[in-house]
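> Protein chains in written order, with the numbering used here: chain F, 1 to 404; chain R, 1001 to 1093.
Don't read these hints as lab results, they were simulated from the structure.
Not one of these hints is a red herring.
Dumping the calculated BS3-like pairs for lysine-lysine here, alpha-carbon to alpha-carbon at most 30 Å:
{"id": "1", "chain 1": "F", "residue 1": "K38", "chain 2": "F", "residue 2": "K257"}
{"id": "2", "chain 1": "F", "residue 1": "K164", "chain 2": "F", "residue 2": "K222"}
{"id": "3", "chain 1": "F", "residue 1": "K53", "chain 2": "F", "residue 2": "K38"}
{"id": "4", "chain 1": "R", "residue 1": "K1078", "chain 2": "F", "residue 2": "K92"}
{"id": "5", "chain 1": "F", "residue 1": "K38", "chain 2": "R", "residue 2": "K1050"}
{"id": "6", "chain 1": "F", "residue 1": "K89", "chain 2": "R", "residue 2": "K1050"}
{"id": "7", "chain 1": "F", "residue 1": "K361", "chain 2": "R", "residue 2": "K1054"}
{"id": "8", "chain 1": "R", "residue 1": "K1078", "chain 2": "F", "residue 2": "K89"}
{"id": "9", "chain 1": "R", "residue 1": "K1029", "chain 2": "F", "residue 2": "K132"}
{"id": "10", "chain 1": "F", "residue 1": "K164", "chain 2": "F", "residue 2": "K89"}
{"id": "11", "chain 1": "F", "residue 1": "K69", "chain 2": "F", "residue 2": "K164"}
{"id": "12", "chain 1": "F", "residue 1": "K68", "chain 2": "F", "residue 2": "K54"}
Chain R stretches covered by chain F per the calculated footprint, using a threshold of three residues with CB under 8 Å from any CB of chain F:
{"id": "13", "stretch": "1047–1057"}
{"id": "14", "stretch": "1062–1072"}
The beta carbon of each residue, even a glycine, is placed where N, CA and C say it ideally should be.
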Amino acid sequence: MEDRTLRSILHLDMNSYFATVEQQANPYLRGRPVGIIKAEGRGCVIAASVEAKKFGVGTGSTVWEAKKKCPGIVFVPSDMEKYFSQTEKMIKIVTAFSPIVEVFSIDEVFLDVTDSRRVFAGGELQMVLEMKEQIRQQLGEWVKCSVGVSFNKITAKLASGMQKPDGLVFLTPENYLQETEKIKTEEVCGIGRSRTKYLENIGVTTLGQARKIPNLPEEIRKLVWLEGEASLQTIEELEPAKSVSRTYTTYRELNSKQAVLRLVRNLVEEAASKLREMGLGGRTVCLILTTSLRESSFWARKTIKNPTGDPQIIFDLLWREYEKKPLPGVRFAGVGISNLTENCQLPIVDSRQKLLGAVDKVNDRFGLFTLYPAELLGGELIRPEVTGFLGDKWYRFGGRAQTK
Amino acid sequence: MTFGFTLVTNGVMETNEEIGVEVGFWGRKVIPLRFIWGGRRHEVKRVTLKFERKDGGKVFLGFSVDTGTMLAELLLDKEDLVWRIGHCAPSYT
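Isolated chain F (complex conformation) (with noise of 0.2 Å):
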C-alpha cells in the first residue's frame, strides 16, 4: 500500500544551461566546446558546455587554462538577459504540472508532485516526460535538463545529479540507499569544500564509506543519510532579500589609499544600486579587507538610524571607519548592506532623492555606470558578478516582482 506520509519531489536541473541555451541560438556551436565568460576579454569561464567539460574545463577555469586544456574551446560572452528569458519560460512550464514549486536557481527547480501526479495516468514518469517534451519544444531541441525524483530534496537533487545530460533517475525509499553507496560525498548538496576535507581526513570519499563510520558530526551524518526535508520555498513564500553585498578580489595589492578608495565606492555604488532597484534601504554597512593570505585585515560596522540606498552616506560611513586604521596592501574587499526596509524612501533632502532617481533612470535606459561618480573616473570600473545565484529570487519572481 502507498505511503502517503511520503511525498514525490522532484528535481529539474537544466544541462550546462547557459551553454546550452547559446548553442540552441547559435547551431553552428552545437557539438563544439564552448566557454562562457562573463564579458569579452574577462578570464574566467562562468559555465562550460557539455563538449568542454568533457576535457576538464569548468566553471571556474581562467580562459588560459581553458584554452590550454581544450585548444579548440569557442569563448561566448554571457548573455543574461537571454538565460532569465528562458528560465522564466522553464517556470512556466513545471508550474503547469504543480503549483508548489520552489525557484531553486537559475537553472534548478523543486517540485511537489504527492498531489498532482494522481491526476496523471502515468505519475511521475508521465509528469516527466511531458515537462521534457514542452522544455524541448519552447526553449529549443539542444537544450536537456535532468530529472530526479525521490521522497525528499536533498535525495532528488542527488538523482538529477546521477544521470547527465537528458537523464531521468528514481531513488525511493527502497533503493535509495543501495543506488547512492558509490557517490562521492561532495556531490551531496550541504557537503562542501571544509566537510569533503573532514571526510576525506578520515579516509571517507564515498557515501557508503561514510555510512559505515559511527559518530559522526550530526550534521554531516545527516547529510550522508540523506536525511533532508520535503517542504519546498514556493515563489509565493519568497522573503524579500536579508541584504546586499557585493566583494572583489583585486589581481594586484592596492597600496595606496586612493586605489582602496576607489574600490570601495565601486563596490558601495553598484550595492546601493541594486538595493535601490529592489526599492529597499539598509540600516547596517559593513565593509571587510583583507590582505594577500589574509595575513591581516579590516572590518568595520555602522548601524544608522533610517534606513538608506543613498551611496554617498553608506561610503561616507564606512570611509570614516577607514580612515581610523588604513590598511596596506589590499587584495579582497566586501561590501555589505543589511536591516533592510522595504519602500525606503531616502530621508534627507528631497533633491538627493531626486538626482539618485534621475541616475537610476539614466543607468537604466542605457546601462549600470552610465553615470557614476567622478571619484570612478579613469580606471576600470568593477561590474556586477555573473551567476544563476539568484539572490535576488524575491525580486524577480515573489511578491516584489508581481507589484512591478
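With the hints as your guide, set chain R onto chain F.
For chain R alone, coordinates are given in the frame of chain F:
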C-alpha cells in the same frame, strides 16, 4: 530609415538598426520569414531561439535566426512594434 551604430568584435557585428521584417503567423505564434537589411533581402531558414530582452528601459521580443550564411538577432520592440537587428555574425562563427 535606419538608426543605430555598428561595432565589430571577433566577427560579431553589434548593431541596432531599424529593419523591415516580413512575418508569418502560425496559430498564436509569430515567425519572422525574411528581413531587409543593408539593401538586401535575407531569407530566414530557421528560428533557433525566442526570448525576451530588456534594454534601454524597453522590452523586446528576440529571435535568433539563421539565414544559412548569417546568424542574426532580430528584436521586436513590444511597445512601438518596430523591428531592429541586434547583432549578427557569419554562420561559421
